[in-house]
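A.B. asks: Spelled out from the first residue to the last, the chains are:
Number of protein chains: 2
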Amino acid sequence: MAGWARAVRGLLLDVSGVLYDSGADGGVPIAGSAEAVRRIKASGLKLQLCTNETQATREDFVRKLRAMGFDISVAEVTAPAPAACRLLKERGLRPHLLVHDDLVPEFAEVDKTNPNCVVLGDAAENFTYANLNEAFRLLIGMEKPVLISLGKGRYYKETDGLKLDVGAYMKALEYACDVQAEVVGKPARRFFESALAELGVPPEQAIMIGDDIVSDVGGAQQCGMRALQVRTGKYR
Amino acid sequence: MAGWARAVRGLLLDVSGVLYDSGADGGVPIAGSAEAVRRIKASGLKLQLCTNETQATREDFVRKLRAMGFDISVAEVTAPAPAACRLLKERGLRPHLLVHDDLVPEFAEVDKTNPNCVVLGDAAENFTYANLNEAFRLLIGMEKPVLISLGKGRYYKETDGLKLDVGAYMKALEYACDVQAEVVGKPARRFFESALAELGVPPEQAIMIGDDIVSDVGGAQQCGMRALQVRTGKYR
Chain R
0 MAGWARAVRG LLLDVSGVLY DSGADGGVPI AGSAEAVRRI KASGLKLQLC TNETQATRED
60 FVRKLRAMGF DISVAEVTAP APAACRLLKE RGLRPHLLVH DDLVPEFAEV DKTNPNCVVL
120 GDAAENFTYA NLNEAFRLLI GMEKPVLISL GKGRYYKETD GLKLDVGAYM KALEYACDVQ
180 AEVVGKPARR FFESALAELG VPPEQAIMIG DDIVSDVGGA QQCGMRALQV RTGKYR
Chain D
0 MAGWARAVRG LLLDVSGVLY DSGADGGVPI AGSAEAVRRI KASGLKLQLC TNETQATRED
60 FVRKLRAMGF DISVAEVTAP APAACRLLKE RGLRPHLLVH DDLVPEFAEV DKTNPNCVVL
120 GDAAENFTYA NLNEAFRLLI GMEKPVLISL GKGRYYKETD GLKLDVGAYM KALEYACDVQ
180 AEVVGKPARR FFESALAELG VPPEQAIMIG DDIVSDVGGA QQCGMRALQV RTGKYR
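Going down the list, the protein sequences come from chains R and D. The first sequence begins at 0 in numbering that gives the first Met the number 0 and counts up by one. The second sequence begins at 0 in numbering that gives the first Met the number 0 and counts up by one.
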């Protein structure tokens, strides 16, 4: 075992494409992944899931993972929506949400009247022509458009094939409004720092494991961590 | 009158936002525009419409303009779809179309079996989550993805408000597939050159008139023409 490997005390794990393949049916676990989580925990390594999942609240997400056999609690999940809520409150921003229906409860405590920003998540079926035009019109009507994107992934794999991820729609709105989105979630440095704080391990003693070369591997490396790319999920 | 103005022998006119504001109801002419077309023609100036309109065949487009009172024939319209058809044939490309239903007849003569490229137009209501995912999957499955975009406008004005234009969706697919689209239509140099050839006037004796600073004004200037921006349409 290499010297750096002996120093590892904690793992950040991406979820979709690493632990399971998502899908309209809820998704299916990747063979051996539940056992891997069990063995990581039994070995004494710390573990935190670091996900850009924005199609469900953390509570529902963990419920789904547990039903698939993963021994995971809500505190072991770092996800973009709670991070976005902190940012909105800090800056007095009132969002118009273009997100998945199942994510809306994460923003229950946030003032959404008279929006002065747009929050974009992986809205899936909510990415309609009408909804995209609505978000665009709100942004273009602002003196200084503020677009907050929960991740900037290009695409991901579901059980019925590849799907465009939030990053593609972020680029559409960026171009139309001539603005740059603020990304909350991987690969943002601040997001990895939150995940490490929750993991309780400094970057040089942690490894990120994911299937996305930009969001997972690149983001972690920019934060001073090592990273491993799995050959499941979107890996081609 | 300035010297250059005396040299002008022909005009290229953008249509949406210059002659009329488009809309689900077919659109409404901008006050004075039909009379302006009549006076241009009566003055002896040559005139060609240079449009990125991709929501209808040229025949239907001209029928609509004539019903609004514009004295225009099909030969006086330069539009992206016929230009794209020439390009597809030249390069042996078989397109998957993500375009407006009413534009499909323009591609009647083109082989569309076993697609080896995607042609993107202003598909409007056809910009669904499912259709965008389908176009994305075809592109990402190609050894060398070829994306042809009928224009790269950011947005345009309809009678019920601003709408995202084809350029926004082009950017989404470009980002997801890590490719650069080939743009047919304004502001592509080749497209302006076609319009000038149809106008029968060299660039230094022609003026482009439009409401889009990039597609109309910038594109024409790069082609050696002068250009004027109107204060109707998307002008803000």
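No lab work stands behind these hints, which were simulated from the structure alone. These numbers were taken from a predicted model, which means no experiment stands behind them. One should not assume that every hint holds.
[Unchecked claim] Straight-line C-alpha distance at most 27 Å; calculated BS3-like pairs for lysine-lysine:
| hint | chain 1 | residue 1 | chain 2 | residue 2 |
| --- | --- | --- | --- | --- |
| 1 | D | Lys-88 | D | Lys-233 |
| 2 | R | Lys-156 | D | Lys-143 |
| 3 | R | Lys-233 | D | Lys-40 |
| 4 | R | Lys-156 | R | Lys-111 |
| 5 | R | Lys-143 | D | Lys-40 |
| 6 | D | Lys-40 | D | Lys-63 |
| 7 | D | Lys-143 | D | Lys-111 |
| 8 | R | Lys-233 | R | Lys-63 |
| 9 | D | Lys-63 | D | Lys-156 |
| 10 | D | Lys-156 | D | Lys-143 |
| 11 | R | Lys-143 | D | Lys-233 |
| 12 | R | Lys-45 | R | Lys-63 |
A.B. asks: Which of the listed hints are not met by the structure?
C.D. replies: 1, 3, 4, 5, 10
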